[in-house]
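A.B. asks: The residues making up each chain are set out below.
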Amino acid sequence: MSGNRHQSLGLSNEDVIEMYRVMLLARRIDERMWLLNRSGKIPFVVSCQGQEAQQVAASFALNRSEDYAAPYYRDVGVVLSFGMTAKDLMLQAYAKADDPNSGGRQMPGHFGQKKNRMLSGSSPVTTQVPHAVGIGLAAKMENKSIVSFVTLGEGSSNQGDFHEGLNFAAVQKLPVITMVENNQYAISVPLNKQVACKNISDRAIGYGMPGITVDGNDPLAVYEAVKQAADRARNGEGPTLIEAVSYRLTPHSSDDDDRSYRNREEVEEAKEKDGLLSFKTYLQEQQVLTDERLEQMEQEIKEEINQATDYAENAAYASPESIYDFVYGN
Amino acid sequence: MQKMQPMPAQNQFMTSYMETKGGEMMPVLSYIQAVTKALQEEMERDEKVFVLGEDVGVRGGVFRATDGLYQQFGESRVIDTPLAESAIAGVGIGAAMYGMRPVAEMQFADFILPAVNQIISEAAKMRYRSNNDWTCPITIRAPYGGGVHGALYHSQSIEAIFANQPGLKIVMPSSPYDVKGLLKAAIRDNDPVLFLEHKRAYRSIKEEVPDTDYTLPIGKADVKREGSDITVITYGLCVQWAIKAAENLAAEGIDVHILDLRTIYPLDQEAIKQAASKTGKVLLITEDNKEGSIIGEVAAIISEHCLFDLDAPIKRLAGPDVPSMPYAPPLEKEFMINQDKIEAAMRDLAEF
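Taken in sequence, the protein lines are chains A and B. Every letter in the first sequence is one number past the one before it in the numbering used here, and letter 208, counting from 1, is 208. Every letter in the second sequence is one number past the one before it in the numbering used here, and letter 250, counting from 1, is 250.
Next up, chain A with everything else stripped away, as it sits in the complex (with noise of 0.2 Å):
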């Protein structure tokens, strides 16, 4: 990355180390969950790691203040980019009572949080695509400047609801921002052998929308592909899809052993491209981030994840008896 790529699209100094901090901080809670993991201390991590830089520049394109978002299970990024928090995310790993995404009723990953728009989601992948649309049909039906933000992996964007979803956002003509995490694997199977298709983009011609392919390494190259689909939706543009290019650089999940479908060059090569490396290059050959802000965001960072970890374990579980409640809301 050369030339200040930031400014040019309207970001601070300022804008980009908060940027920074946010992808790093949830690196940083994805590392401290495999820790927890493999210590025994909570059942399962499903990792967001290799992704946050696109995460969290989508996310930062988008008025987090008032946009809706629903997020898939990787997406630690747009979670903490729309204001959840350390707590909240040790919380839901500990599947504790106050976790404000389930309570502890879902598997850690299963994001959701209506205070700040988060739609809650489920196991079954893309399901959430159609309740984006829901979303953007509500937003035009009130006459709202909102934007709906919805993500998922490239396996997912084989479903039905994908192709149902998308096709209604278009043919409606409705606010809503797609952005499919290509991460180059569905757990084992890898993207030659999931879609036929050069990319994921080459999609939206059939829905009638832009379909736009990124470095999803690069932040800033997500930030402005999205920040331009956010301004043609509340132009009343219509939808946009968006493929973010990454790799999963974890096994799928802490159940999943990747070591038996890629070989570990393959993955030491990807881990050289990790966005959240490049970011951080950037930041430091532009002079945006110093060694002493970095070494101080570090340590603010691992206190907090301390903090949130200590508090979390220490959380009351929900009693057997609320098993019950909240079936019917009457």
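Hints are supplied without guarantee of correctness; some may be wrong.
In silico EDC-like cross-links for lysine to aspartate or glutamate, where the CA-CA straight-line distance does not exceed 16 Å [unchecked claim]:
no.	chain 1	residue 1	chain 2	residue 2
1	A	Lys173	B	Asp133
2	B	Lys48	A	Glu142
3	A	Lys140	B	Asp133
4	A	Lys114	B	Asp133
5	A	Lys280	A	Asp98
Here are the computed distance ranges between Cβ atoms for each label pair [unchecked claim]:
no.	chain 1	residue 1	chain 2	residue 2	range
6	B	Glu304	A	Ser65	45 to 55 Å
7	B	Val116	A	Ser319	28 to 38 Å
8	B	Leu152	A	Arg264	47 to 57 Å
9	B	Glu291	A	Lys273	35 to 45 Å
Hints listed in this document are in silico derivations from the structure and should not be mistaken for laboratory results. Since this is a predicted model, take the numbers as computed values, not measurements. No residue lacks a Cβ here, since even glycine has one placed at the ideal position from N, Cα and C.
Chain A is already provided as a structure; the job is to place chain B on it using the hints.
C.D. replies: Below, chain B alone, put in the same frame as chain A:
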């Protein structure tokens, strides 16, 4: 293929009136006119209410359930959707999460299956999985049932697929009066409601329906006929046949008690126990295939709670366990429940 029913469409809004005992004029509505009336009244009452589905707009629905709504409320609130059932449910769910009150129409209940994931994994579990943070106040309407020359895929009863999904409510009204009150209640309900309308009842069942704004309670069964010899528990169109059969049997001195379940999930267990205990002889009726149907659960409730009040084994009258209702008239007739079959089953039980 989405088959359309032959129907006398132009008379949909030509409401007739019947003079009541007090001399007031009470409108008589068909079952489907009651659907339309409920939708119209709720859309007038609350601008968050909107309709989406296939052909619901300009055409007013293939059965004409949304007739006139497009003209009154416009295309933004009466939305012709692409032919994609999962999106109809899923987009409705998203809009409901936002705070709207969507009424999604499945053109035939048989075609709801692509939307099952959205209804069961999403709508039914939304409140529970988010620990009461998010809610999903969607109503999903679908015409079900046979006897309309609809063959395998335009005749089915699909309620059993959804009837063990806590978080979801399933309403199956038997009369125009109940349709209006229950559909209005469904739209106002803060949880997802599957509202199943018997398509053969659409034009064959008419009754007085007040113009007033009234709702009926979801989750409550309704005694449609008081009787002391045998108890019939059923729902939907079978209620109408059961009432007629009971009138015939009254001449023979057999007094039939009829409980209309109205909400088939979750079941009104108290009403079922009371009705079963009242006569000690119970006939359960459904148009669905027998094995795994709703009435099996009703039988289990009675067995658990009312064994010592029973004077006869619980009887079930249901569709046969074949995949679905065939097209050819003799085969369709063999599958369908009708008044004669009900009357015979009632008489057998009374004589036990």
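A.B. asks: Against the structure shown, which of the earlier numbered hints fail to hold, in ascending order?
C.D. replies: 1, 3, 5 and 9
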